[in-house]
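Undergrad: Here's the letter readout for the chains.
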Amino acid sequence: MAAVLDVTPENAWTALWHRLQQDRVGAVSLGIVVAYLVMILFAAAGWLARGWSVEVGVPYANPAFLGDRPNLEASLARRFEQKGKVPDLRDVDPLAPKYDEWARRTAELKSTEPERSMTLPWGGDRWGRDVLAKAIKGSQVSIAVGVVAALCATFIGTLLGALAGFYGRWVSDFLEWVYNVFTSIPAILLIFTLAAVLRSGPLAALFASGIWTVVIILAVTGWTGMYRLVRAEYMKHREREYVLAAQAIGASAASRMFVHILPNVSHVILVQLSLLVVAFIKVEVILSFLGLGVPVDMVSWGTMLSEAQTELIIGKWWQLAAATVFMAIFLTAFSMLTDSLRDALDPKLR
Amino acid sequence: MSALVAVSDLRVSFVTRRTSVDAVRGVSFTVREDATLALVGESGSGKTVSAMSILRLLPENAVVHPASRIAYRGENLLEASAARLRALRGRDISAVFQEPMSSLNPVLTVGEQVAEVLRLHRRMTSRAAVERAAELLAEVGIPEPRARLRAYPHELSGGQQQRVMIAMAIANEPKLLIADEPTTALDVTVQRQVLELIARLRERHRMSVLFISHDLGLVGELADDVVVMRDGVVREAGPVERIFHAPQDPYTRALLACRPRLDARPRRLPVIDDFMRGRAAAIEPLARPPAGAPALQAKQLRKEFRLRTGFFASRALVAVSDVSFDVSRGRTVGLVGESGSGKTTVARLMLRLLEPTAGEARLDGTELTGLKAAELLPLRRRIQIVFQNPYASLNPRRNIGRTLVEPMRIHRLGASEAHRYERARELLQRVGLPADAMQRYPHEFSGGQRQRIAIARALAVEPEVLVCDEPVSALDVSVQATVLNLLLDLQESLGLAYVFISHDLAVVKYMSDEVLVMRAGEVVERGTPEAIFASPQHEYTRKLIAAIPRGYEGRYSESRA
Chain A
12 MAAVLDVTPE
22 NAWTALWHRL
32 QQDRVGAVSL
42 GIVVAYLVMI
52 LFAAAGWLAR
62 GWSVEVGVPY
72 ANPAFLGDRP
82 NLEASLARRF
92 EQKGKVPDLR
102 DVDPLAPKYD
112 EWARRTAELK
122 STEPERSMTL
132 PWGGDRWGRD
142 VLAKAIKGSQ
152 VSIAVGVVAA
162 LCATFIGTLL
172 GALAGFYGRW
182 VSDFLEWVYN
192 VFTSIPAILL
202 IFTLAAVLRS
212 GPLAALFASG
222 IWTVVIILAV
232 TGWTGMYRLV
242 RAEYMKHRER
252 EYVLAAQAIG
262 ASAASRMFVH
272 ILPNVSHVIL
282 VQLSLLVVAF
292 IKVEVILSFL
302 GLGVPVDMVS
312 WGTMLSEAQT
322 ELIIGKWWQL
332 AAATVFMAIF
342 LTAFSMLTDS
352 LRDALDPKLR
Chain B
2 MSALVAVSDL
12 RVSFVTRRTS
22 VDAVRGVSFT
32 VREDATLALV
42 GESGSGKTVS
52 AMSILRLLPE
62 NAVVHPASRI
72 AYRGENLLEA
82 SAARLRALRG
92 RDISAVFQEP
102 MSSLNPVLTV
112 GEQVAEVLRL
122 HRRMTSRAAV
132 ERAAELLAEV
142 GIPEPRARLR
152 AYPHELSGGQ
162 QQRVMIAMAI
172 ANEPKLLIAD
182 EPTTALDVTV
192 QRQVLELIAR
202 LRERHRMSVL
212 FISHDLGLVG
222 ELADDVVVMR
232 DGVVREAGPV
242 ERIFHAPQDP
252 YTRALLACRP
262 RLDARPRRLP
272 VIDDFMRGRA
282 AAIEPLARPP
292 AGAPALQAKQ
302 LRKEFRLRTG
312 FFASRALVAV
322 SDVSFDVSRG
332 RTVGLVGESG
342 SGKTTVARLM
352 LRLLEPTAGE
362 ARLDGTELTG
372 LKAAELLPLR
382 RRIQIVFQNP
392 YASLNPRRNI
402 GRTLVEPMRI
412 HRLGASEAHR
422 YERARELLQR
432 VGLPADAMQR
442 YPHEFSGGQR
452 QRIAIARALA
462 VEPEVLVCDE
472 PVSALDVSVQ
482 ATVLNLLLDL
492 QESLGLAYVF
502 ISHDLAVVKY
512 MSDEVLVMRA
522 GEVVERGTPE
532 AIFASPQHEY
542 TRKLIAAIPR
552 GYEGRYSESR
562 A
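Residue numbers (our numbering), protein chains in the order written: chain A, 12 to 361; chain B, 2 to 562.
Please keep in mind that the hints were generated in silico from the structure rather than gathered at the bench.
Take these hints with a grain of salt, some might be off.
Here chain B is said to cover these stretches of chain A; the calculated rule only asks that three of the stretch's residues, wherever they fall, bring their Cβ under 8 Å from a Cβ of chain B [claimed, not checked]:
#1 252-260
#2 269-276
Capping the alpha-carbon separation at 20 Å, the derived lysine to any residue pairs in SDA-like fashion look like this [to be verified]:
#3 Lys-247(A) with Phe-306(B)
#4 Lys-247(A) with Pro-397(B)
#5 Lys-247(A) with Ala-393(B)
#6 Lys-300(B) with Ala-393(B)
#7 Lys-373(B) with Lys-247(A)
#8 Lys-247(A) with Lys-300(B)
Computed from a predicted model, the values in this text were never measured in an experiment.
Note that the Cβ used here is the ideal one computed from N, Cα and C, for glycine as well.
So that you can see chain A by itself, here it is in the shape it has in the complex:
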């Protein structure tokens, strides 16, 4: 039995795992990306940053490490609250008889004014929400949008590129037309059009929940670059002798395309995928800024950055810093990881 096991080739994924471990940069990047994914899962399950929208601090609460920094905005707001005592209008108000009923019903409702703290771990935003919690919850939305959209775009681009490159002739001609149509429309215009269709057209009800619209917009507009690269690679590889050899042993066209050629062009796809993730996270920021991205009741790095723009003028830099640091670490680690993945998948670079 042992002898048989000896010659059974090492599982491709185990081999990949072993090689990733040897690559220190790759291992660290993998660790960071996995940490982010765990964080996102916890956030999605509600174990982490559940109360990101609760106003737990005073407006623009200082970060804990800058506790004694003067907070002009918070003291202004407090003064306003104290002053704002409602004058008695019982004598002139025609709705005065309802006052008692309202008072009774107000008493029935439980209204808790949370204890607003002066400082938060990484500061607060304009409403006194915890910036750290926002950044964690924002990672969930931004990364989900970026990664899912990039995977969708990669899937579309790879499939069409493989078909066009492998079969050539009319398949290629037809897909080239489709490609030309997509690339001849300015990208931002295409995004606006799709956003309009998906948000207010007959499909609007289907995608009411929010981030799926952004994912679809990005995937449908972003596959073209991948398509071109994959098509060129397939044109190059389909004539290679190892593909002819596979044909000679009777491998089907699908097997040649996706079992034989695909692993040989995977490095191109992986590098392009990592670029797409980075680009899509940035486009999500732009879309959210323009109001076409995630809905207002959600938070993403994009919405944080657009808020940060006005805050920065009055010297409240922590929201910008939080979003930027979260984004920079993830994007760098993700790029490095795909790079190591490329190396680890290449048998020549052991």
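For chain A, the structure is supplied; the task is to place chain B on it using the hints.
TA: Frame of chain A; chain B shown alone:
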């Protein structure tokens, strides 16, 4: 005669992040003035590294041992400054490389490239340089040199490209021309012309040539001195007569013997191992079975490719026309011809990797042409192919085990997966590779080993017919012999029918029972190998036979006299 370049105790290692490889381990040789020195060895023997050390054209990670010395007219080139080296390169010492297409800049015209060398080293005016470039092209035998000055490299044939490279190399009347396998990428008849050109230029310009080759037979025709290298050390060095008539080292003797001879057909070719271990090579003649019922038949095969010449217009390019042959089990049909003769197209037509325009290919009487993919699948099992380039025909991303098991899985051979792996191991053993090759990847093997793997893959489905498309052309002569012996062993034990394709007439003669000489898609001559060699009818066949390197006996200067 005095020494032009004296290399003494040259040691070069390549340092990578983890390891250091000693490529050249203490090599000494002397290039005499006005003479040709040949460095001969297999790939990986360090011959190219030794020669390129003279020009210091080595990869970044090469480290030359400080005790090494390369004296060019008394000046140690290993200590020369970068400026001094630039002055020497292209003027005193120039080089011609193996691949003419990649050695020429594809976006500059031939004239510009030749003129550049002249302008750099001689400060010629542009006009004078172009004038001189035309003379040089005429000297290296390019027809209509003036018109060709404006041609781009892709407009020239491989042989003409190599002539342009040579023109650039001799433009400044160098003292030493380093020719690194200058003819390996060329057709045999063109190889002959280029060799003659180099020999003629050497005599006329009284320069020295350092000729690098893996083929001792080729070297014997033009070298004055020969240095035989293996694994980074010199095995034997001496004048060419002594190397050919009284070789001292067993390795030299092996190199001399392993090329198929034209006058004998031993049962197996002698290989390096036989000589290194002092084993006697087989001398009994090769026994061939008589022709029986044809296993594979080609009937008037024709293939046209459509070239688009305009928006709607296209023109037919006839790659193969009217090729017919039969081959029965245990026998071999040889196809011989130069690049562009349609040999490979025939191979692909037989496998139905290409659709013939007309004619048919029959396997055991069943017509292959016109079958649907599903009907073809069971027949694919019975006819297999081995490709020319073992570096390209194995999928680099999968290990050998997967490569060998896949065909069995497709054709549902073997009871279980474990069974198939068991059989894959047997196949590896059969082609002479260890079982631990299963988990390794193609790049970890040498060219000869890869070709064995490709043969094992073809055998995995137990075929009856094997089409070998230049199976040994990319291999060193010494490795060639082992692969040819393996093919003969397999044919004897499994009764395979071979279609054997090569540009090397000597190899085809050794392997085949019937030879078809092809040129421009047509069969110009056919017959038994003995008959073709004894009395070649077609002029082209005679040219091919004349192009076979004959070693010291076929020396250029003597043959011209």
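Undergrad: Next, verify each hint and record whether it holds.
TA: Checked hints:
1. 252-260: Check passed, 8 qualifying residues.
2. 269-276: As far as the stretch 269-276 of chain A goes, the hint holds, because 3 residues have Cβ atoms under 8 Å from chain B.
3. Lys-247(A) with Phe-306(B): holds (19 Å)
4. Lys-247(A) with Pro-397(B): This hinted pair holds, its Cα atoms lying about 15 Å apart.
5. Lys-247(A) with Ala-393(B): holds (12 Å)
6. Lys-300(B) with Ala-393(B): Since the Cα atoms of Lys-300(B) and Ala-393(B) sit roughly 30 Å apart, the hinted pair is violated (cutoff 20 Å).
7. Lys-373(B) with Lys-247(A): Distance ~26 Å between Lys-373(B) and Lys-247(A) Cα, so the pair is violated.
8. Lys-247(A) with Lys-300(B): violated (32 Å)
Consistency with the previously given hints fails for numbers 6, 7, 8, ordered from lowest to highest.
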